[in-house]
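Student: Chain by chain, the residues run as shown.
There are 2 protein chains.
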Amino acid sequence: MKTRFILINTSHAGNVGGTARAMKTMGFDDLVLVAPRWANVLRREETIQRASGALDVLNNARIVETLDEALDGVAHLCATAMTPRDFGPPTRSPRAHFAELLGAPDMPLKNELTAPVDHGPRPDSIAFLFGSERFGMQNEDVYRCHVALSIPSDPQFGSLNLAAAVQLIAYDWREALGGFAVQSATAEPQLADAAAVAGMLKHWEEALTDIGFLDPASPKKLMPRLNQLFNRAQLSPEEIHILRGVAKAMSQKTLRAAGKTAAPANPSAEQ
Amino acid sequence: MKTRFILINTSHAGNVGGTARAMKTMGFDDLVLVAPRWANVLRREETIQRASGALDVLNNARIVETLDEALDGVAHLCATAMTPRDFGPPTRSPRAHFAELLGAPDMPLKNELTAPVDHGPRPDSIAFLFGSERFGMQNEDVYRCHVALSIPSDPQFGSLNLAAAVQLIAYDWREALGGFAVQSATAEPQLADAAAVAGMLKHWEEALTDIGFLDPASPKKLMPRLNQLFNRAQLSPEEIHILRGVAKAMSQKTLRAAGKTAAPANPSAEQ
Chain H
1 MKTRFILINT SHAGNVGGTA RAMKTMGFDD LVLVAPRWAN VLRREETIQR ASGALDVLNN
61 ARIVETLDEA LDGVAHLCAT AMTPRDFGPP TRSPRAHFAE LLGAPDMPLK NELTAPVDHG
121 PRPDSIAFLF GSERFGMQNE DVYRCHVALS IPSDPQFGSL NLAAAVQLIA YDWREALGGF
181 AVQSATAEPQ LADAAAVAGM LKHWEEALTD IGFLDPASPK KLMPRLNQLF NRAQLSPEEI
241 HILRGVAKAM SQKTLRAAGK TAAPANPSAE Q
Chain U
1 MKTRFILINT SHAGNVGGTA RAMKTMGFDD LVLVAPRWAN VLRREETIQR ASGALDVLNN
61 ARIVETLDEA LDGVAHLCAT AMTPRDFGPP TRSPRAHFAE LLGAPDMPLK NELTAPVDHG
121 PRPDSIAFLF GSERFGMQNE DVYRCHVALS IPSDPQFGSL NLAAAVQLIA YDWREALGGF
181 AVQSATAEPQ LADAAAVAGM LKHWEEALTD IGFLDPASPK KLMPRLNQLF NRAQLSPEEI
241 HILRGVAKAM SQKTLRAAGK TAAPANPSAE Q
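These protein sequence lines map, in sequence, to chains H and U. Last residue of the first sequence: number 271 in our numbering, and the count goes up by one each step with no gaps. Last residue of the second sequence: number 271 in our numbering, and the count goes up by one each step with no gaps.
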């Protein structure tokens with residue numbers, strides 16, 4: 001869905017750069033600045049530094065003088081407002097509003113102040129409006145919007161940084177749109193099957209008996225406890241191999257110390 | 001639940017301040033820095049500036065030399081890792097992992113790479129580990145963790161700012177813990193009842209006839225269309241009052257221009 005981020009009267013160049021980066025991480029690139037403090041804000045050093053590679057978002061950004069000029073082609077307007085005012089669109093949390101807007105009324109809506117609004121047809125375009133760092137959004141800009149999004153935050157300290165607020169809204173909106181797949185940061189875990197775990201436990205039972213930790217005449221609950229532990233650990237085939245190696249070494253060391261010779265390892269039993 | 005944020009080898013003072021602010025907005029205050037680049041990072045100007053009032057988090061923060069010293073009293077360790085490595089804990093999205101960790105297995109888990117892990121008992125404490133801005137987390141630190149959290153982001157540009165990543169994790173974790181209530185930024189909307197809407201529409205029907213826009217002999221679908229429009233608009237009692245005033249003015253102006261005199265307004269008929 002066509003998605004635009006609009007920053008109104010932004011004063012810190014770093015926040016413009018941080019906004020560009022936050023948008024890009026969530027796959028958005030339509031940025032409009034309304035009357036920013038610095039006319040050259042898109043080219044300032046701090047902006048570029050904080051954008052950290054999201055230069056295409058900065059290059060495509062538009063600077064306009066009035067909010068009117070920023071709203072072409074956008075059907076649904078979301079104010080972001082933290083300070084209370086006595087009039088305006090209904091206040092909603094981003095997640096609840098997005099779920100409802102995209103037609104998922106059966107999702108649990110928690111912490112909602114107001115009943116869901118009947119939006120009629122689903123809009124095909126959306127804009128998120130952010131006010132200045134110091135004063136937030138002006139009343140007359142909030143009045144133009146369909147909803148006032150409020151990020152649920154500590155009532156004692158609700159002061160989010162501007163770029164951080166953009167990051168949260170962009171994240172929630174992207175997730176509501178279906179989300180990006182999680183990038184695997186580690187190799188896919190492979191689970192050993194239950195037979196391999198049982199074989200390993202049998203191996204350990206013998207080894208623990210060899211080292212005198214388990215008394216076969218009074219085994220108590222030791223093996224079931226280890227079984228539970230290893231079930232929770234969700235062992236991989238490699239880890240089964242390691243644990244069998246440990247069991248083998250326990251037995252060999254003990255039997256050798258006792259002057260006996262352990263049976264040579266049978267590779268086929270190692271699995 | 002006891003919640004700690006651990007920054008390892010952080011090099012930018014601004015990110016430490018931004019982290020403190022992000023934590024505080026979501027109601028967290030336990031920050032530990034492991035071997036930061038600047039020994040005096042908690043007192044640097046940029047830190048304090050970006051913390052923007054979250055000074056208590058900075059004042060309570062600890063600086064330690066090794067990750068070991070940062071882990072006292074924490075049961076469940078979450079790495080945050082974006083770059084792939086060939087070994088380590090399973091990769092999960094924050095929302096899915098938190099929902100499962102807190103015992104909500106019936107929540108829809110989308111974009112999951114791996115089957116949910118059986119965590120056994122719910123932990124009573126958690127730490128989120130963040131690596132350096134430039135190199136992320138070291139392998140040996142990831143290996144100590146129970147899970148690698150990966151924030152779903154654009155595969156072409158997954159580079160989140162450190163403080164922005166802290167903000168997202170803190171937000172998702174707070175929401176998973178039950179969330180803060182949404183602060184109402186606007187007055188609670190009050191809905192006019194259907195009788196008031198019907199009375200207003202009757203008033204408009206007369207006025208639209210008076211101004212010649214509605215032909216009672218051929219009304220077409222005008223009034224049902226307006227009825228639908230005003231239903232979607234979810235009118236308040238004040239708005240009913242305004243719309244009745246508009247209708248009255250239409251009639252009066254037209255009848256006066258035609259040399260007739262409109263009946264004096266009857267206040268009791270105004271709602």
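Just so you know, the hints here were simulated from the structure itself, not pulled from any lab data. Heads up, some of the hints might be wrong.
Claimed, not checked - Chain U regions said to be covered by chain H (calculated; three or more residues, Cβ under 8 Å):
1. 21-30
2. 80-87
3. 91-99
4. 143-155
5. 163-176
6. 186-197
7. 217-227
A virtual CB, placed ideally from N, CA and C, is assigned to each residue, including glycine.
Student: State for each hint whether it applies.
Tutor: Right, here's what the structure says about each hint:
1. By the rule of at least three residues with a Cβ nearer than 8 Å to a Cβ of chain H, the coverage given for the segment 21-30 of chain U holds, with 6 such residues.
2. Counting residues of the segment 80-87 of chain U whose CB falls under 8 Å from any CB of chain H gives 7; the rule of at least 3 is met.
3. Residues of the segment 91-99 of chain U with a Cβ under 8 Å from some Cβ of chain H number 4, which satisfies the need for three, so the listed coverage holds.
4. For the segment 143-155 of chain U, the proposed coverage by chain H is satisfied: 7 residues have a C-beta within less than 8 Å of a C-beta in that chain, meeting the threshold of three.
5. Only residues whose C-beta sits within less than 8 Å of a C-beta in chain H count toward coverage, and the segment 163-176 of chain U has 7 of them, enough to reach three; the restraint holds.
6. Here's how the segment 186-197 of chain U fares: 4 of its residues keep a CB closer than 8 Å to some CB of chain H, so the rule of at least three is met and the hint holds.
7. Proximity of the segment 217-227 of chain U to chain H, defined as three or more residues with a beta carbon under 8 Å from a beta carbon of that chain, is not established by the 0 residues found.
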